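Enquirer: Sequence:
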Amino acid sequence: KAAYSRDVRPAFECVMKGKGSCVEAVRRGEADVVVLKGEDQPATSTSELKSILFEKYDDNDVMVAVADKDITRDQVLKAPLEFDASDPRAVSAALFFNDKRQQKACPNKLASSQGAPIRIVSAQDLTRLGANKRLICPNLELQAIGNYQACNVDY
Numbered sequence: 001k002a003a004y005s006r007d008v009r010p011a012f013e014c015v016m017k018g019k020g021s022c023v024e025a026v027r028r029g030e031a032d033v034v035v036l037k038g039e040d041q042p043a044t045s046t047s048e049l050k051s052i053l054f055e056k057y058d059d060n061d062v063m064v065a066v067a068d069k070d071i072t073r074d075q076v077l078k079a080p081l082e083f084d085a086s087d088p089r090a091v092s093a094a095l096f097f098n099d100k101r102q103q104k105a106c107p108n109k110l111a112s113s114q115g116a117p118i119r120i121v122s123a124q125d126l127t128r129l130g131a132n133k134r135l136i137c138p139n140l141e142l143q144a145i146g147n148y149q150a151c152n153v154d155y
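Start counting the sequence shown at 1; every next residue gets the next number (UniProt numbering).
To be clear, the hints were calculated from the coordinates, so they are not data collected in a lab. Some hints here could point you the wrong way.
Once the Cα atoms are required to be at most 20 angstroms apart in a straight line, the calculated SDA-like pairs of lysine to any residue come out as [what the hints assert, rightly or not]: (1) K78 - S51; (2) K78 - V62; (3) K78 - Q114; (4) K133 - D74; (5) K109 - A79; (6) K104 - Q75; (7) K100 - A150; (8) K78 - D61; (9) K78 - K50; (10) K50 - R28; (11) K78 - G29; (12) K100 - Q149; (13) K109 - E82; (14) K109 - D99; (15) K69 - K109; (16) K69 - S21; (17) K78 - C137; (18) K133 - D154; (19) K133 - K50; (20) K78 - S21; (21) K78 - Q143; (22) K50 - S21; (23) K100 - I71; (24) K69 - D58.
Derived CB-CB ranges, DEER-like [claimed, not checked]: (25) C106 - D74: 20 to 30 angstroms; (26) D74 - G20: 43 to 53 angstroms; (27) D74 - Q143: 12 to 22 angstroms; (28) G29 - T127: 39 to 49 angstroms; (29) A131 - P80: 22 to 32 angstroms; (30) N147 - D99: 48 to 58 angstroms; (31) R27 - D74: 19 to 29 angstroms; (32) K69 - E30: 47 to 57 angstroms; (33) G115 - R73: 13 to 23 angstroms; (34) D125 - A150: 17 to 27 angstroms; (35) A144 - Q102: 36 to 46 angstroms; (36) K69 - A111: 23 to 33 angstroms; (37) K17 - Q75: 44 to 54 angstroms; (38) A144 - E48: 35 to 45 angstroms.
Bear in mind the structure is a predicted one, so any value in this text is a computation, not a measurement. Don't be surprised by glycine CBs; every beta carbon is placed ideally from N, CA and C.
The task is simple: from the sequences and hints, build the whole structure.
Expert: This is the structure:
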């Protein structure tokens with residue numbers, strides 16, 4: 001069963017009247033999946049659906065964990081995160097990163113902390129953060145900013 005499609009192949013088709021009806025069909029268990037454009041994703045927040053896939057436009061389009069070069073191992077393990085809580089990819093990346101740090105959290109309990117020592121950002125934003133930053137990989141090792149394709153928190 002499927003509900004609504006954009007560019008997924010083979011195409012999914014929704015037999016309902018609109019996106020909201022398709023989202024509701026998934027919520028009720030009448031369909032297994034709904035494919036939405038990014039701007040339509042907020043419709044899922046009230047229906048308790050979970051994003052499982054994101055469209056990737058190019059190789060630089062990955063989420064990374066970044067911190068100052070002098071971050072300590074203890075901070076890597078325990079520090080709060082700053083991320084865009086309105087961006088489903090950033091939230092998923094933060095959950096993935098916390099899982100790697102053995103910090104289990106319910107998705108609806110995850111909070112961003114303004115000014116936190118570790119930031120979850122798009123690799124496309126790295127040039128704006130300054131030269132004194134390092135990436136934190138899923139294995140919690142620090143790497144140079146330029147290694148974002150191998151050291152990222154997209155999954």
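Enquirer: If I claimed the Cβ atoms of D74 and G20 lie 43 to 53 angstroms apart, would that claim hold in this structure?
Expert: 46 angstroms, holds
Enquirer: CB of R27 to CB of D74, is that within 19 to 29 angstroms?
Expert: The hint (19 to 29 angstroms, Cβ to Cβ) is violated, given that R27 and D74 are roughly 42 angstroms apart.
Enquirer: Holds or violated: are the alpha carbons of K78 and Q143 at most 20 angstroms from each other?
Expert: 19 angstroms, holds
Enquirer: Keeping to a limit of 20 angstroms between CA atoms, is the pair of K109 and D99 held or broken?
Expert: Within the cut-off at roughly 14 angstroms; holds.
Enquirer: Sort out whether E82 lies within 20 angstroms of K109, counting only the CA atoms.
Expert: Distance ~14 angstroms between K109 and E82 Cα, so the pair holds.
Enquirer: Is the straight-line distance between the alpha-carbon of K50 and that of R28 20 angstroms or less?
Expert: Answer holds: K50 to R28 is near 14 angstroms, not above 20 angstroms.
Enquirer: Does K133 pair with D154 here, judged by a C-alpha cut-off of 20 angstroms?
Expert: 19 angstroms, holds
Enquirer: Could you grab the alpha-carbon distance between K78 and S21 and see if it respects the 20 angstroms cut-off?
Expert: Violated, at roughly 42 angstroms.
Enquirer: Taking 39 to 49 angstroms as the stated bounds, is the beta-carbon spacing between G29 and T127 within them?
Expert: 45 angstroms, holds
Enquirer: Decide if the proposed pair is consistent with the structure: K69 and S21, CA atoms, cutoff 20 angstroms inclusive.
Expert: Distance of about 48 angstroms is beyond 20 angstroms: violated.
Enquirer: Within 22 to 32 angstroms or not, the Cβ separation of A131 and P80?
Expert: For P80 against A131, whose Cβ atoms are near 24 angstroms apart, the range 22 to 32 angstroms holds.
Enquirer: Measure nothing beyond the straight line between the CA atoms of K100 and Q149; if it is 20 angstroms or shorter, mark the hint as holding.
Expert: 18 angstroms, holds
In summary, the structure is inconsistent with hints 1, 2, 8, 9, 11, 15, 16, 19, 20, 24, 30, 31, 35 from the numbered list given earlier, while agreeing with the others.
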